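Asker: Please put together the full structure from these sequences, using the hints given.
Our numbering applies: residue 273 is where the sequence shown begins, and numbers increase by one.
No lab work stands behind these hints, which were simulated from the structure alone.
Careful: at least some of the hints might be erroneous.
In silico lysine-lysine, DSBU-like type, Cα no more than 30 Å apart, as pairs [unchecked claim]: (1) Lys508 x Lys519; (2) Lys432 x Lys379; (3) Lys462 x Lys508; (4) Lys519 x Lys462; (5) Lys379 x Lys508; (6) Lys432 x Lys462.
Since we're looking at a predicted model, the values are computed, not measured.
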Amino acid sequence: MNTVAHPEIDSLLPAAHMDRRTFVTTVAAAGFALAVQPVQAQTVITTDAEGLEAGDATIAVAGGSLPLYFARPAASAANGAVPVVLVVQEIFGVHEHIRDVCRRLAKAGYLAIAPELYFRVGDPSKYESIPALVENVVSRIPDAQVMADLDACAGWAPEKGGDPDRLAITGFCWGGRIVWLYAAHNPRLKTGVAWYGRLDGSPTNMTPRHPLDVAARLHAPVLGLYGGQDQGIPLKDVEAMRAALAKAGNHSEIVVYPDAPHAFHADYRPSYRPAEAEDGWRRLLQWLPAHLG
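Answerer: Below, the structure written as structure tokens:
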């Protein structure tokens, strides 16, 4: 596994029972890149719900009721069933930025669904530090459970006018890794867009495989968007993923923004880079219809 030296780690260490090395290992195993910051400010982009149906709902899943946020064109604006995009949260959960992403997708004609994938173990907004959030919540979420919850969302989509035959997924940071895994999991998926999702790591009981392990088994092409200055995802991992995809004959693509850090799309954090974020969003809006029909 690649652990990452980062100047902020020492200030983020949790309780004394977890030392620096253990913390780095735990975070990396959870698929979380270290070069992030928690919510610090309001979002730069605010998308209204005019012309949309948007709100909260729940789905019955193993272990309880899965909360989610959804947005779609209003029934009067939609012409039949609309394509579906599953939106996978960052480490910080389904906060306002993720909800806004759903509304942006709905404005573009999609049913966007963002499930609260941590709901069984805790509310990420209640934690004031990344170490506490990782130790108490993120590290307790098994990949298999995430795959099942996303399947449940895909199954629920037709109830909100979603077309099950035009299914896509996008995700950010923690969710970016999930995009690659879900593309290898669900044969009905048509495409995905992974924003700076971790690509490699040591296997654990919770995270037995990483994107590099499943590159040859993708059911759908994925657009990967990465930052060249990402301190948590080495460029050698990005190049290894490119090579693995090419060897498999997969039609996925990876774009690297040379000057961008991790989380360059997150417009509520200092890592936000407007030019790269706008270009990535433009590419997403071209990629999705090209593969969904």
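Asker: Check the hint pairing lysine 462 with lysine 508 against an upper bound of 30 Å on the C-alpha distance.
Answerer: Judged against 30 Å, a Cα distance of about 27 Å means the pair holds.
Asker: Holds or violated: lysine 519 and lysine 462, Cα atoms, limit 30 Å.
Answerer: holds, 20 Å
Asker: Can you confirm whether the C-alpha distance between lysine 379 and lysine 508 stays at or below 30 Å?
Answerer: violated, 36 Å
Asker: For the pair supplied as a hint, lysine 432 and lysine 379, confirm whether the alpha-carbon distance does not exceed 30 Å.
Answerer: Given pair lysine 432, lysine 379 holds - Cα atoms ~15 Å apart, limit 30 Å.
Asker: Are the Cα atoms of lysine 508 and lysine 519 separated by 30 Å or less?
Answerer: holds, 16 Å
Asker: Does the alpha-carbon distance linking lysine 432 and lysine 462 stay inside the 30 Å limit?
Answerer: holds, 19 Å
Consistency note: the structure conflicts with earlier hint 5 alone.
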